[in-house]
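*Asks:* Single-letter residue listing:
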Amino acid sequence: MMLFLGMFPRLNHGRLKLMALSQAHAATFSDEDGDNPGDPDDPENPDPCDGGSSYPTTTSTISGNITTLTTCSYNYDGCGNYIGYSCDGGVQCGISSAGISLSETSGNIGDDVVLTASATVVGSPVIQYEFQQSSDGVTWDDVGNNPSINTFTYTLDEYGTNEFRVIESCDCSVSVTSSYASVIISDQNSCDQNNMPSYSLGQTSPSIPIGDNFGLTYPESLSIQITACNDGTNWHAVPINVAANYSQQIQLPSGISEVTGISGNTTQVDFCAQVTSLTDWSTWGYSGTGAWYMIEAVQAHENVHLSHFLPCLILALPSIKSDLYNDLVVPNTGQTSDQATAQLLALQNYTSVINSTAYNDWRTQLDPVVTADHGPGSLTETAEKNIVNPEISIICNYAHQQTWPVCTDCP
Amino acid sequence: MYRLSLIYNIMKTKKVYISIALLILSCIAINNSFAQSSKEIIPKRKYATAKSDAFFDNIQVSLVIDTSQTKSISGIKAILKIKNQSKDSLNIYNVMDLLHISLFNDSNRNVAINNVSKIFIHSRKEFQYNAFSIDKLLLNSQIVGKIIDNERFLTIPANGTYEIFFSIRKIVRSPIIKLQDPTNVIELPSGIYKLSVFMSIIPNPRAANAQGSMTESLSVPTVTIKYGVK
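These protein sequences, in sequence, are chains S and Y.
Residues 0 to 410 in numbering that gives the first Met the number 0 are what the first sequence lists, from first letter to last.
Residues 0 to 229 in numbering that gives the first Met the number 0 are what the second sequence lists, from first letter to last.
Okay, chain S solo, but in the shape it has when bound:
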C-alpha cells in the first residue's frame, strides 16, 4: 500500500511541477541575453534563472506493518523550471509482530495473572498496549489500556477458558494484534466435561524386575485425585489431578562391558571386538550378542519411550474424565460435595475404574506409539546410534592412526 503525504509532484508536459509551491514562487524569468541560464561565464549579465529552490516532500510507504518514510527533494531553477529530484534511503519504523505471555496457564477464581506483551520492532516506535480478554475467542473486551507499560495484572473472575491478547499500536505505523494465550480455570465441582484435570508424570519404583535385559521403562500406574460434581440427579466422579507413575531400569546385562573409549578400555586387542559389538544390530534393535556396549545408548533408547508417556497421558485425559464420570456415580440425596466424594471413593468398582479403566485409557494412547518406537529406522535405533556411532568413529580413526590391524566393521 502506498500513501503520499505532503505535497504531490504533478506531471506537466513531461516535467514535474510542484503546483502548490509554484504559486508562491510565480515570478517570470527569461533568458534575455540568449545565453544559458546560470551561465557562469557571464557574471556581468547574470541569468535570472540562476539559483533556484529545493522542496522536500516526505512519502510514507507501508509494507506489512512497517512504515518507510522517504524524503525526496524536488529541485527547481530560479525560473521555476523543474530540474530533478533526489531521495534519501528512507527510515523504517513499526511493529513487526506482537506477542503475549501469561504468568499462569491454569488457576482459580481470584488469582492474579500477569499479562506481558512483547513486540518485534523495526526502528524506534513508541508503543501503546491495549490488553483484551475473551471467553470464546470471538468477542473481546478491553481489560487494560496501558499507554506505555507492557504488563498488566488481571484478576481471574470467570470459570472456563480465559483468553488474552494485546493490541499494540505505535506512533509510526499500523497497530498489530497478538495471537492469544489462555488461562483455564476449572470449576472442580462442575460437570462440564471440557474442564480437564491437571496432570503430572513422576517416577516410581519398578513393579517388574528387569531381568537380564538392557532396559525397561514401564507405565506403572495412575494416581487420580477426585472430587464430585452434581448433575441434579447424581454425583459423578471428577478427576482433579491425574498423576502418571512410570519406572525406568537400565543396565548392561551380564557378560556385556561398557566401552569407555580410547582414553579408557579400548586397546589394540579389544578395539575391533568393541566396534563389532557396537554395530551388532538386529531387526529389532541392538542384539546384545556381543561383549561390549554403552549404557548411555541404553539410556537414550529408554528415554525415547519415556518421551511419549506424558503426551499420551494428556491425550488420554478426556477419556479418563469421561470414564470416571460415567462409571463412578452415586445418587444425589442432598449430600455435600465432600460427602459425595467420600461415597465415590468407597464404591466397590472404584479401584477397577482407576487401576484398569483409566489406566487402560492411558495405554490406549501409549501402546501404539511405543510399539512404533522399535524396528529399522525407528526412534530408538536412531537414539542409540547417535551415541554409539561417534564412538565407533573415534575408535576406528584412532586405530587407523595407530596402524592397528584392520577391523572390517570399521566404517
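What the hints contain is simulated information worked out from the structure, not anything from laboratory work.
Don't take every hint at face value.
Cut-off 30 Å, straight-line C-alpha distance, at most; resulting in silico cross-link-like pairs (DSSO-like, lysine-lysine) [what the hints assert, rightly or not]: (1) Y:LYS229 - Y:LYS80; (2) S:LYS384 - Y:LYS117; (3) Y:LYS117 - Y:LYS82; (4) Y:LYS82 - Y:LYS225; (5) Y:LYS124 - S:LYS384; (6) Y:LYS124 - Y:LYS145.
Given the structure of chain S, go ahead and fit chain Y onto it with the hints provided.
*Replies:* Using the frame of chain S, we list chain Y on its own:
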C-alpha cells in the same frame, strides 16, 4: 461257560472302550476346560483411530472363558479368538504383547502381574510372558506348533481364526509389595476373581493393507470367575 465268559469279556472290553471314551471326553473337557458355564464375550470397542473402521471391522475378537473353573496348576484359563473375516490376510502386532489383564480379588485389589511385553522391555534373549502363559495356539482349529511369545507380528490368513489358549497361573501377593521381591509372586489361590481384559489391535505398519497408524482398543467387560470355589 465259554460263551458266558466270551460275553463277559466282550462286555468288559466294551466297558474298557466306554471307559476310554469317557476318559477321552473328560480329557478334552479338562483340556479345554470350558463347560456349561463357558462364555464367549465380545469386547467393546473403546477407541479406534479415524478412517480405520473398514480394517478393524474385518477383525472379530472374542474372549472365551469358563466362569466356573476348578483349581489346577494351569490357573485361570481362557481363549482369545481372533477371526479375520476379510478375503486378505492380515498382519498385526502380536496381540499378546498388547494384552492387559486385571484380576481383582475379593478384596478388590488388582493382583495381576503387569504384562511387560516386548514393546516395553529392551530384551536380548528369548522372551516369555510373565503375566500369563500361552498354552496352545490354534489356527483354523489346527494346532500351530510355534511359540508366539517371541513373535512381533501375527499373520492371520483370509477367513482364518486364531485361538490363543492362555492361562493366568501366578499373581502378586500384594500389589503394594513390588515384584522385585520374589516372594511376592504366588500361585493363583482359589477364590472369586473379577477379570478384566483390555487389548489393542495394531496393524503392522509395513503390511500392504495398513494405512498409516491405525489402532483399535478393545475392552472385555469385567467377568466374575469362580476359581476352585463353588
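*Asks:* All the hints need checking, so say for each whether the structure fits it.
*Replies:* So, going through the hints one by one against the coordinates:
Taken as a hint, the LYS229 of chain Y and LYS80 of chain Y pair is honoured in the structure, with Cα atoms around 27 Å apart against an allowance of 30 Å. Between the alpha carbons of LYS384 of chain S and LYS117 of chain Y the distance comes to roughly 20 Å, so the proposed pair stays at or under 30 Å and holds. Distance restraint check for LYS117 of chain Y and LYS82 of chain Y: the Cα-Cα separation of roughly 23 Å lies within the 30 Å cut-off, and the hinted pair is therefore satisfied. Straight-line distance between C-alpha atoms of LYS82 of chain Y and LYS225 of chain Y comes to about 28 Å, which keeps the hinted pair within the 30 Å bound.
Distance hint between LYS124 of chain Y and LYS384 of chain S is fulfilled; the C-alpha atoms sit about 21 Å from each other, no more than 30 Å. Of the pairs offered as hints, the one joining LYS124 of chain Y and LYS145 of chain Y holds, with about 17 Å between alpha carbons and a cut-off of 30 Å not exceeded.
Every hint from the earlier list agrees with this structure, and none is contradicted.
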